[in-house]
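Using the sequences plus the hints, can you model the full thing?
Protein chains: 4
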Amino acid sequence: MRFNNDYNCGAHPEIIKALENTNNESYCGYGLDEWCLKASDEIKKYLGNANADIHFLVGGTQTNFTVIAAALRPFQGVISADSGHINVHETGAVENTGHKVHVLKSENGKITAEQIAKEAEFFNTSDVKEHITQPKMVYISFPTEYGTIYTKQELEEISKTCKKYKLYLFIDGARLGYGLGSKGCDITMKDLAELTDVFYIGGTKCGAFFGEAVVITNDELKENFRSYIKQNGGLLAKGWLLGIQFYTLFKDGLYFDITKKADELALEIKNAFESKGIPSYIESFTNQQFVILPNDAMEKLKKYIYEFEMKIDENHSCVRFCTSWSSKKEDVSELVKDIKLL
Amino acid sequence: MRFNNDYNCGAHPEIIKALENTNNESYCGYGLDEWCLKASDEIKKYLGNANADIHFLVGGTQTNFTVIAAALRPFQGVISADSGHINVHETGAVENTGHKVHVLKSENGKITAEQIAKEAEFFNTSDVKEHITQPKMVYISFPTEYGTIYTKQELEEISKTCKKYKLYLFIDGARLGYGLGSKGCDITMKDLAELTDVFYIGGTKCGAFFGEAVVITNDELKENFRSYIKQNGGLLAKGWLLGIQFYTLFKDGLYFDITKKADELALEIKNAFESKGIPSYIESFTNQQFVILPNDAMEKLKKYIYEFEMKIDENHSCVRFCTSWSSKKEDVSELVKDIKLL
Amino acid sequence: MRFNNDYNCGAHPEIIKALENTNNESYCGYGLDEWCLKASDEIKKYLGNANADIHFLVGGTQTNFTVIAAALRPFQGVISADSGHINVHETGAVENTGHKVHVLKSENGKITAEQIAKEAEFFNTSDVKEHITQPKMVYISFPTEYGTIYTKQELEEISKTCKKYKLYLFIDGARLGYGLGSKGCDITMKDLAELTDVFYIGGTKCGAFFGEAVVITNDELKENFRSYIKQNGGLLAKGWLLGIQFYTLFKDGLYFDITKKADELALEIKNAFESKGIPSYIESFTNQQFVILPNDAMEKLKKYIYEFEMKIDENHSCVRFCTSWSSKKEDVSELVKDIKLL
Amino acid sequence: MRFNNDYNCGAHPEIIKALENTNNESYCGYGLDEWCLKASDEIKKYLGNANADIHFLVGGTQTNFTVIAAALRPFQGVISADSGHINVHETGAVENTGHKVHVLKSENGKITAEQIAKEAEFFNTSDVKEHITQPKMVYISFPTEYGTIYTKQELEEISKTCKKYKLYLFIDGARLGYGLGSKGCDITMKDLAELTDVFYIGGTKCGAFFGEAVVITNDELKENFRSYIKQNGGLLAKGWLLGIQFYTLFKDGLYFDITKKADELALEIKNAFESKGIPSYIESFTNQQFVILPNDAMEKLKKYIYEFEMKIDENHSCVRFCTSWSSKKEDVSELVKDIKLL
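Chains as they are written, first to last, in the numbering used here: chain A, 346 to 687; chain B, 346 to 687; chain C, 346 to 687; chain D, 346 to 687.
Just so you know, the hints here were simulated from the structure itself, not pulled from any lab data.
Below 20 Å or equal to it, Euclidean Cα-Cα: the simulated DMTMM-like pairs (lysine to aspartate or glutamate) are: (1) D:K656 x A:D472; (2) C:K511 x A:E568; (3) A:K463 x D:D658; (4) D:K567 x B:D472; (5) D:K463 x A:E659; (6) B:K606 x B:D676.
Facing chain A, a subset of chain D residues (Cβ under 8 Å, in silico): (7) H434; (8) G437; (9) E440; (10) H476.
C-beta atoms are modelled at their ideal positions from N, C-alpha and C, and glycine is treated no differently.
See the structure below:
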């Protein structure tokens, strides 16, 4: 039973079925097909923005560096939490496109409007601007790498700060569904469309075989985006495969249902640990639960595949238990039972 | 009926079935799963080289620039035919990684050992080497963009020349099956493994939903290749999807059967045009047929979707008819009949 | 006696004197000093454009790739003659910044408005724009690598074509003085300022120790240019050294006098060869003379250092004789005498 | 009277004289002249390493990114103190070449062997190496941005750590003379040649008009270095200008004399401040003195040009007083007198 991550299983059965049903059809290539159009239309219903441009890419790292490389000029950089995926888990892909990551200290994966303002002010008030990189984009993830989420108010403040300093706001939504469906989340896709310049809706971790849907609302970032996708290797020849997947996920809200369910299962795990006095490393209400396990508990739970994060001290480690759209109720129940037996 | 390209249909039914059968399983991510291993093993049976490294990427452009960026130092470039995919259809992806494409004139998509030697000699005999880029890799495609293929002798000569000048030989096999299965082809996968430093086996155009299998035989190019894949956005989270597809295609030789059949259908089209005195733009025995159609013939065949290439003169245009693993015998027969009626 | 190039001697004595005179002064760094300002003012007198931005960089290759990297987005490329310095003698510096060089065939170092229009049309009329690079800048040199120059009419046509297709026109003026001072030249600095978006005035080859003055007239290219200079290593700490040199060269027209004189000396060499029936490889009226020398003449002139270009046939080679601001009348006279003795 | 930096004055009079004396000579271009050879020979006398490769570049930023780009593969990064010049004052030039800067926290501009080991261990023990960048080079400056210097023991430990983890050790010696000449320094050029893989000897800030002499002792870094210089715009056409300057500085130890004198003058300033109870921001014995000035003292010293660094609190600011080879004894005496009057 894998609880190590949220990309260990194929795709939702509806997607398999949709691919099967269309397998005898032939389509126009490179995302210019009817399924991508239909998927965009379904997604737009949630955005409240008919003018958004929607593009379908294959994976998260690819999406991150493509969006960033498309937005920035060579002397500009992107602001990120120190724990941001682009800063720590993408083999320097952003730097490989020539851009600096402006790193902000973060305890729980989140950064604040104040921190962003300070970084922007540092540049704006510098009298040697040509010697330093200009922060021009803010990258945040929703949920973050630690499973935490921004409140609507936090996001509004960040958005306002970005507008004030002419920074693009870019949200990595690789796990977007798990954020939107989580307990206490007061943010909607419409909010994201309004508050950001560009964000993406993760498919890979949220029910699809693969795929990330990029939503661009700022006209400045729309131009030539397909050229950037192609140049960076993200333009899938059989683009309709992405369209079909996102259409399936969004036409009846399947995307939201399956991720919400995963959040609920994660909370069962969270509660089970809490009831045993095993603390969270970071408080999360989404599908990722980071807990500080004593060594003997690690041993006792070893039949479950979970992810080791780091040693905390001689007797404890931080580990991640992750649910997903594919997690089975009965598996979680078994895990919960075993936790209670600790 | 689409004859415009070889990537307009989903995947071979066996692949759909394999994906369905494994959809309830969970796997290790990023290509470290058992299916990728099994696929590699099947492919190696054709290579005669147990030490080859095999990596699965998603698409062709991505594979091309990743291989090239991994192999070259900043002052080095890659030799290509002027019509090479990396030179004309990848939005400058190679240059985007910082490398010059050394362009060689080509009439039919192929380049010769002599041309390569001349380019290498130009650098080697220069007394201002630090002012010019060093050609360090040769990129050829098999089949080429025009559907032509190299003979074994040509490839041996190119390989020998590359060894002499310490150039890496890289073959883009996006359409590899259609080359290997074509009439008159005297080359095998084993030859490719012996004669090149790195090549890839195209899946996207040859029966898979997507995927390209990179075969690296030169130890110098093996090191850290996964880092390059990740950095360039090609490391699919659910890597086993690639493994399953290639395993399905190679375990019983399906790959070779379905591409060979496509070649045969293409020859029927070729012969039909020839019998009507409609000449090929370039003589090809693979799945791509470029013919010079009179305007009225273009009109008469317009119920078929084919690809316009360029105007030849007032009355003629070069167009491409393309078969693929998904082409149906009956569709080709209908096209052939209509050609005969021209 | 060196006739091999135009950068084999220090600087004009006036420049040495100016550097000496200011050596006890202290200045603000990075080109924000009074000398750079004064130099700009002197240069602007020739431009008829008070709004031009003028920046001083150290060398030509650096200037070329900095200007190009500053102007282009990642999917855009620069058009150049095949013999263009950026294409053949800069170790792929442009590609190293991520951009493709769109190469146009040229016989004499020049390209035409028609060629440019064709390249731009190819992109504009493509229906797969996102798969190809967009030509966005035209790079020409004045004089060219072969010493040839554009006529005013040719340049006007090129400029018009660039405007029509929204291409930036960039002139590499590493040898600008030798072009402007040459017999038959009907172009002025004012014309350059009007017809281009950015060009530069070569100092290194025209009397200075080093230095190139970039003149930007297009507002789109002005923004943040100093950031690009710094990022690309061209922002000289003691920037006033550039200011002093250009001020010295331009305050009384010294720049034009010394380069014109070099052109006249070059014509003496040209005429001497012609009178002996030794043909030019390419007809040039600037300081570079390319002639086709028989082997025995090469031998007889070997006390002069000239530059070998290439073998023409068994008995002839193309060689370059180059004058410069530092060429001495008496040396040229001796060479002319020896040519006449051939 | 400028105490704001160490690059506000031309060049040592001996250099002016040397340039004058050679101004009528003509030389081979691009650093292949006899002066560069002679300068290298003089420098090698201090290195105790006849096999070192020495290259002359124009400026520090250029040298930094050229050395780093030449050493690293795309997935590799360079370790630096957070205050390192490459991290904060080069407009992201390192990232522009595609590489991540691995930032280590530092209080006084220095980093420790322990910190380096920890960063290297993090990579070495990671089980997702292909997802993260590999630190492959350590960049330190001597003296640091804060004027501090490493002891021989510290440097030996760092060197040993680098060897252990196969990291290249690169020292930015833009102010090298001021480090070597400072009170308490127990390091020599020979030590640097032994302990590093590559370092450079700053000319721009230490008596020359411009120029940095790169010393490469590791054979792996020697290959094709001239190609990297050219590609990155650092290959000065009239390379002998660099050779002459470094020859002048090193043939009789002038380099060491003039920088040592500057250090002594800086200590006078330091002592003057200390005697008034005005504390250093960071303790330095080289030419840069960072002090925490009360507002009224700032006002009283405003006839001197010094560099503002940052506000410390309402009533205090950190400012830099910098001496250099060109600082005049009498100016320092006047400043010292005025400090004493505070």
